[in-house]
Amino acid sequence: MLFMQGLILTMVAGAGAAVVFTRDPLKQALAISLYGILLSLLFFLLQAPDVSLSQIVVGAVALPLMILLAIVKVRKDAEERRRKEATERGR
Amino acid sequence: MTFYPYVIVVWLFVIGLYGIVSSRNLIHLTICLSIIQSSTYVLLLSIGYQKGAGAPVLLHVPPGTPAVDPVVQALVLTDIVVEVTVTALLLALAIQAHKRFGTLDPDELRVLRG
Amino acid sequence: MRRSARLPVFFVAAGGFAALFLAGLRGLPPFQQYRGPYGYVLNAISVPQRGITDVVSAVNFDFRGFDTLGEEYILFTSVIGVVALLRRLAGETRPAQEQTAPGRPEVETSDATRVFTLTLVGMVTLFGLYIVSHGQISPGGGFQGGTILATSPLMVYLAGDFESFRRIASTRLVEPAEALGAAGYAFIGLAAMALGFAFLYNFIPQVGPGTVISGGTVALIDATVGLEVAAGFVLLLTTFLEEFLSGRGSR
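Protein chains in written order, with the working numbering: chain A, -18 to 72; chain B, 0 to 113; chain C, -19 to 231.
These aren't lab readings, by the way, just hints derived from the structure by calculation. Where a beta carbon is used, it is the ideal one built from N, C-alpha and C, also for glycine. Don't take each hint at face value.
Simulated pairs of lysine to aspartate or glutamate, DMTMM-like, Cα-Cα distance not exceeding 25 Å [unchecked claim]:
1. Lys8(A) x Glu107(B)
2. Lys98(B) x Glu60(A)
3. Lys8(A) x Asp58(A)
4. Lys57(A) x Asp78(B)
5. Lys8(A) x Asp104(B)
6. Lys57(A) x Glu51(C)
7. Lys50(B) x Glu61(A)
8. Lys98(B) x Glu222(C)
9. Lys98(B) x Asp5(A)
10. Lys8(A) x Glu60(A)
11. Lys50(B) x Glu60(A)
Pairwise CB distance ranges, derived in the manner of DEER restraints [said to hold, decoys possible]:
12. Thr39(B) x Arg72(A): 42 to 48 Å
13. Phe167(C) x Phe(-16)(A): 47 to 53 Å
14. Tyr20(C) x Arg23(B): 47 to 53 Å
15. Thr68(A) x Phe100(B): 19 to 25 Å
16. Phe100(B) x Asp5(A): 16 to 22 Å
17. Gly53(B) x Leu109(C): 24 to 30 Å
18. Arg63(A) x Val192(C): 36 to 42 Å
19. Gly16(C) x Asp5(A): 24 to 30 Å
Which residues of chain C face chain A? A partial, calculated answer using Cβ under 10 Å [stated by the list, open to error]:
20. Gly(-4)
21. Ser37
22. Gly115
23. Thr131
24. Phe220
Please work from the sequences and hints to get the whole structure.
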């Protein structure tokens, strides 16, 4: 049990560093999903099933979903802005 | 091993802070903030853990079995759900910043003001 | 400060901060040795006194119910903030409307996706309701169950069925539901005061542990919190998705 906890703690630290060093937000959404699953496994090994349940639902589903929706909105806005500038320049 | 979880907590906090300071994208910045928040969850849960104790769910369990601390788990549980809502608020702010200024770079936002 | 000047300053500051943080954490009891009295007290009295076997839910909604009220209102306020930030202000242009032939589905999703997600809608809703209602018996409760419930309209959206999604998750249904959930928690506390006890006192006489109505007010508070969290998340989703929904067909 002690060895498992130490192993998962090390993996969590590595996954956290991986999330920070992934610069593209789209890839980072998947990285934070994986980080959330590892974190929920750590919480389960620390004898906290309630917290683990909460973390799985939130960290692997809701958080990457919000991030992806924000990325898509920003891209749509950038596309619209480019289209507006192109029509203004053409005028 | 008795001090290892606390080392991981400090590592997660500092690496998240580095992500915020060196970020070039507001969405990347928001995700690094959630890494910092998760380091506090690990700290709280490691404080409450007891060797050889089970989960604080006492269904079909004879009274007197050792169980870990439920207070810190209650704190972390509501905190996780609140975290994602606050992250959604920050993402909405990032979307509005992009609408106004056309860029998601925090350094550029300063230049374009006014 | 320019970025190239900012990073060396950060590294020096982070080194000092990490050293101080570690020195501060050294004062805590070592890992795996829990000292504090509250854990032992709560584990011992939760089942005989309140009849709740999930001690974490008991702490959340009964022993420490006032703090959970505040945290639920943080969630409520953040949802209001997101809706206020992302609403369409007067004078902004709508995105270009895409034309589709009437009668055809608006986005061609594969048959496998449609079958899979539409099968999951019923099961996910049932599972979410189970987690919400059994919060005081086994791990679960209002917060986790509410988030699970909020994913079932999302399944409808993923199946490409935008008309049904717009009808299920319309703001005329979801906003009153969220307000009802948030107010219900406060009303349960005020009902305890009306009966002469303290705010949020557990005034329903307790039944034995292990049944769905065992916790007294905890079962009611679980239901209101589950409603509020589910409605809040669905509102967040529709606010983020509004651009796509308004660009396809009329509102």
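Hint check results:
1. Lys8(A) x Glu107(B): Distance ~23 Å between Lys8(A) and Glu107(B) Cα, so the pair holds.
2. Lys98(B) x Glu60(A): With Cα atoms ~11 Å apart, Lys98(B) and Glu60(A) stay inside 25 Å; holds.
3. Lys8(A) x Asp58(A): holds, 20 Å
4. Lys57(A) x Asp78(B): Since the Cα atoms of Lys57(A) and Asp78(B) sit roughly 32 Å apart, the hinted pair is violated (cutoff 25 Å).
5. Lys8(A) x Asp104(B): With Cα atoms ~18 Å apart, Lys8(A) and Asp104(B) stay inside 25 Å; holds.
6. Lys57(A) x Glu51(C): violated, 34 Å
7. Lys50(B) x Glu61(A): violated, 58 Å
8. Lys98(B) x Glu222(C): holds, 16 Å
9. Lys98(B) x Asp5(A): holds, 20 Å
10. Lys8(A) x Glu60(A): holds, 20 Å
11. Lys50(B) x Glu60(A): violated, 56 Å
12. Thr39(B) x Arg72(A): 42 to 48 Å: Violated: the Cβ-Cβ distance is about 54 Å, outside 42 to 48 Å.
13. Phe167(C) x Phe(-16)(A): 47 to 53 Å: holds, 50 Å
14. Tyr20(C) x Arg23(B): 47 to 53 Å: holds, 49 Å
15. Thr68(A) x Phe100(B): 19 to 25 Å: holds, 21 Å
16. Phe100(B) x Asp5(A): 16 to 22 Å: holds, 20 Å
17. Gly53(B) x Leu109(C): 24 to 30 Å: Holds: the Cβ-Cβ distance is about 27 Å, inside 24 to 30 Å.
18. Arg63(A) x Val192(C): 36 to 42 Å: This hint is violated: roughly 56 Å between Cβ atoms.
19. Gly16(C) x Asp5(A): 24 to 30 Å: violated, 44 Å
20. Gly(-4): violated, 20 Å
21. Ser37: Holds, because the Cβ-Cβ distance from Ser37(C) to chain A comes to roughly 7 Å (cut-off 10 Å).
22. Gly115: holds, 9 Å
23. Thr131: holds, 6 Å
24. Phe220: Since the shortest Cβ distance to chain A is 4 Å, the answer is holds.
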